[in-house]
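Given next are the chains, with one letter for each unit.
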Amino acid sequence: MTAALEVRGLKTHFFTRSGAVKAVDGVDLTIERGRVLGLVGESGSGKSVTGLSILGLIDHPGRIVEGSVKLDGQELVGLDRDAARRVRGRRIAMIFQDPMMTLNPVLRVGTQMSMALRAHETVSNDTARERSVRALSRVGLPTPEQCLAAYPHQLSGGMRQRVAIAIALLHSPSVIVADEPTTALDVSIQGQILQEMQRLGAETGVALVWITHDLAVVSSLAHDIAVMYAGRIVEHGPTADVLAQPRHPYTRGLLDSVPGEAKPGEKLAQIPGSIPALIDLPPGCAFRARCSRASGACEAMPEIAEIGGRLARCFHPLEAA
Amino acid sequence: MSAPLLELDAVSRRFSRRISLGDRIAAKLGATVEMREVRAVESVSLSVMKGETLGLVGESGCGKSTLGRIAAGILAPSAGTARLDGKPVMSETGRREKLTTRVQTVFQDPFASLNPRKRIGEAIAEGPLAHGLIDRAGSRAYVAEQLSRVGLDPSYSSRFPHQFSGGQRQRIAIARALAMKPDLLICDEPVASLDVSIQAQVLNLFLDLRRALNLTAIFISHDLGVVRHLSDRVAIMYLGRIVEIGPASEIYAAPKHPYTQALLASVPRLNRHREGRTAFKPIAGELPSPLSPPPGCHFHPRCGFATERCRSEPPQLRPLGPERWAACHLAE
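As they're listed, the protein sequences go chains A and B. Under my numbering, the residue at position 183 of the first sequence is numbered 183, and the numbers go up by one with no gaps. Under my numbering, the residue at position 296 of the second sequence is numbered 296, and the numbers go up by one with no gaps.
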């Protein structure tokens, strides 16, 4: 069986006046149907650009310079504009952080939903309405009929994000890429959305790429975790394994930085320094300047290799505890 | 910990829409003009002891930032008083000016709170110079001392804010607040806009400074994990009221108010030694609009235990044990 989404050697660079920014520099991902992959990283790690590249939404001065993105076995990189539009929104969809950016403020929700339907199918008004109502009630909106008649500003942030999710689900896509969809929401609403997504993933068999900086969110939602740093995946494996026994020093540092498990009032184990600029990144492991285990060997780029049931990109991986 | 440093005595803050000319004419003509009023903070009383860190937690719109601003003397309360060491933080009449420099604030967004056209050295020295804490001759050395205290190189003082990263800017904002030698520091979501690894650095800095300077602080955040890590006591707010307050360890271990229980249950936890995925237990429903809060207990429409009494009678904060208070008819 082919994977729902297979990304191989993806490189997306932005060609600016001061040089090429290698935002994504060789990313491999595989997601099966019905699974959730948490793509984790701090700002500037390339996680969002990876998501946008999968959907072919990279604009000038950025460009996918290398690699392949296969959706149910079909190559997406290099598709012409029209072919890409036939895929996008129908077989692969995206949910963004800010639903106000996704929704058109001057159109009623119902109008936008039938436009999204008609972008790919010829449907009657009644069918469009009926399918929109079904999609809205599936994401847990209590009064879908009222919601169809509402403008986005009349809805709360949580309801808007539900509408965005409903639109993404309209055509029953194989893959949904969700880029920080709950970051702007309150914890109680975030909890509701996460619960819906977990249920929807199981019900519809959609493969979900969940991009976030919040390890706690993916720890309960995702089957697998991929940790990104400076445009590359540094650790990738089953969520429970990666969280319980991280092998890459960066993953370990990130986990230790989260207050909550540490004893209250004690100092947190912090990672020194900050993320390097992605312009003119020196060769070798990008994390070595902040890493306590770095050695001369780290001046070359380590390959990502299997260790303890997951993949890690490190010459000096942490030992199993 | 002995005497309270800060006392909030039944403070409330309302925000109302400015009355337009049209409304005024309509009112003159006998029409009823709807006066929409947001009760951001409703009769909140609390005290913060010397050397203590109080965490203030709640979802957006619960009034935590407004309460912080009242404590900091940035906003005048509509009713009630805020007192620092027994003296009012703001003048009671007239233009409601802040009367003390002993409370200082660190804001959420270090991009907005630092003047982009001012060198950071000037930004740090401005307050102490204006209030005569230092003189011009000594300002350079003073700024250097403040910068090195927050882990920045003193030579940075001639740089502009845009030359710093988010984490560094938040250090500068902390240095600027501490340069006024405050007794009480109000931190309003100071790490919310930072990445996890940078957040840990700033939290560690805060822990160091608190110990070194014996600071008293109010730490406002929506992040329950951060608040747990830093606070001695925690107050949970919901729609302008405090629903529960008590020692952090006890509240997190055994929350008494249904809202606190639901909030703690709905936060995704980073459990590093868990098998597989977990089910989420979110709170049903949405935060009601503060323009028309539900009668009685504000939480009753979302509460699984609500009774007839909860729908009509607002619960008062009642003591439930040493230092523990909750505003729930059913808590015991």
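No lab work stands behind these hints: they were computed from the structure. Just so it is clear, the structure is predicted and the values come from calculations on it, not from any experiment. Treat each hint with caution, since some may be false.
[What the hints assert, rightly or not] Not everything, but these chain A residues come out facing chain B in the computed CB check (under 10 Å):
1. 152
2. 156
3. 186
4. 190
5. 220
[As the list claims (entries may be wrong)] Calculated lysine to aspartate or glutamate pairs in the EDC-like style (CA-CA distance at most 16 Å, straight line):
6. 281/B / 179/A
7. 263/A / 232/B
8. 263/A / 250/B
[Claimed, not checked] Simulated DEER-style distance windows between Cβ atoms:
9. 146/A / 122/B: 25 to 35 Å
10. 18/A / 93/B: 34 to 44 Å
11. 79/B / 265/A: 34 to 44 Å
12. 192/B / 104/A: 48 to 58 Å
13. 98/A / 291/B: 20 to 30 Å
For every residue, glycine included, the Cβ atom is placed at its ideal position computed from N, Cα and C.
Hints, one by one, checked against the model:
| no. | hint | result |
| --- | --- | --- |
| 1 | 152 | 16 Å, violated |
| 2 | 156 | 6 Å, holds |
| 3 | 186 | 4 Å, holds |
| 4 | 190 | 8 Å, holds |
| 5 | 220 | 5 Å, holds |
| 6 | 281/B / 179/A | 22 Å, violated |
| 7 | 263/A / 232/B | 13 Å, holds |
| 8 | 263/A / 250/B | 14 Å, holds |
| 9 | 146/A / 122/B: 25 to 35 Å | 54 Å, violated |
| 10 | 18/A / 93/B: 34 to 44 Å | 57 Å, violated |
| 11 | 79/B / 265/A: 34 to 44 Å | 36 Å, holds |
| 12 | 192/B / 104/A: 48 to 58 Å | 29 Å, violated |
| 13 | 98/A / 291/B: 20 to 30 Å | 24 Å, holds |
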